[in-house]
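K.L.:
Protein chains in written order, with this note's numbering: chain A, 1 to 107; chain B, 1 to 113.
The set of hints was computed from the structure by calculation and includes no laboratory data. Check before you lean on any hint, since a few could be wrong.
Short, incomplete list of chain A residues facing chain B, as computed with Cβ under 7 Å [to be verified]:
1) 12
2) 13
3) 44
4) 46
5) 49
6) 50
7) 91
8) 100
Here are the simulated lysine-lysine pairs, DSS-like style, with alpha carbons at most 25 Å apart [said to hold, decoys possible]:
9) A:91 - B:57
10) B:71 - A:3
11) B:57 - B:71
By construction, the Cβ of each residue, glycine as well, lies at the ideal position given by its N, Cα and C atoms.
What follows is the residue order along each chain.
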Amino acid sequence: DAKTTQPPSMDCAEGRAANLPCNHSTISGNEYVYWYRQIHSQGPQYIIHGLKNNETNEMASLIITEDRKSSTLILPHATLRDTAVYYCIVKGGKLIFGQGTELSVKP
Amino acid sequence: DTGVSQNPRHKITKRGQNVTFRCDPISEHNRLYWYRQTLGQGPEFLTYFQNEAQLEKSRLLSDRFSAERPKGSFSTLEIQRTEQGDSAMYLCASSPRRAPGQFFGPGTRLTVL
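Isolated chain A, as found in the complex:
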């Protein structure tokens, strides 16, 4: 299974864009990149996924590099409620969670 590397923590000012990076240099050609987040004391929440092209939905945008070895999750206007642990996962089916990035959105 492809392994992912994320910074353990990040801060972001409320209203600014939060850019969360993820390295997945061992990703194989048919593996998708998934992002989930987990707000304290809740179950994880699916955010977005992509294969090669950049993707956008109502929650976030996903930018995948051309070589697919890394990606960035963008929350365009972070709010206090976006404070959570964000997980980048490379695999469908059973999810293999790493340590994730703890994002703190500050007023």
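Since chain A is already given, all that's left is putting chain B on it; use the hints.
P.N.:
Frame of chain A; chain B shown alone:
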């Protein structure tokens, strides 16, 4: 609320007792997953059902653990002879056949004294 539900939300038990958790997935989701999460760690995969068939089990799922999904609807996870190391949040997730993403329930927090 049509999300994934889990019961109970909290369970405190004494070491050596058996416990059973229930997960009700989103209606018509044929895939159901169980995960375990300990403090400060990401969730770890335990087992996966497609309809009523248990298709994969993690090595984490020792013989004290058993999961069922009769009739392909709700699922139960039973832990026999609980140990203090079983204390964790047990998460259930479901997904439909041809859609990405898993929908997680709120979890059952188990404390073994």
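K.L.:
Would you mind marking each hint as holding or not holding in the structure?
P.N.:
A quick look at each hint next to the structure:
Restraint check, residue 12 of chain A versus chain B: the minimum CB separation of about 21 Å is more than 7 Å; hint violated. Checking residue 13 of chain A against chain B: minimum C-beta separation of about 26 Å lies over 7 Å; hint violated. The beta carbon of residue 44 of chain A comes within 5 Å of a beta carbon in chain B, closer than 7 Å, and the hint placing it at the interface holds. At its closest, the beta carbon of residue 46 of chain A sits 4 Å from a beta carbon of chain B; the interface hint therefore holds under the 7 Å criterion.
Checking residue 49 of chain A against chain B by beta carbon gives a least distance of about 5 Å; that is within 7 Å, so the hint holds. Residue-level restraint check for residue 50 of chain A is violated (minimum Cβ-Cβ distance to chain B is 10 Å; threshold 7 Å). This hint is violated: residue 91 of chain A has a C-beta 10 Å from the nearest C-beta of chain B, more than the 7 Å allowed. Annotation: residue 100 of chain A was flagged as interfacial toward chain B, and the flag holds, the nearest CB pair being 6 Å apart, inside 7 Å.
Only pairs whose Cα atoms come within 25 Å are accepted, and residue 91 of chain A paired with residue 57 of chain B is accepted, the gap being roughly 17 Å. Taking the CA atoms of residue 71 of chain B and residue 3 of chain A, the gap is near 35 Å; set against the 25 Å cutoff, the hint is violated. Restraint check for residue 57 of chain B and residue 71 of chain B: the C-alpha separation of about 19 Å stays at or below 25 Å, so the hint holds.
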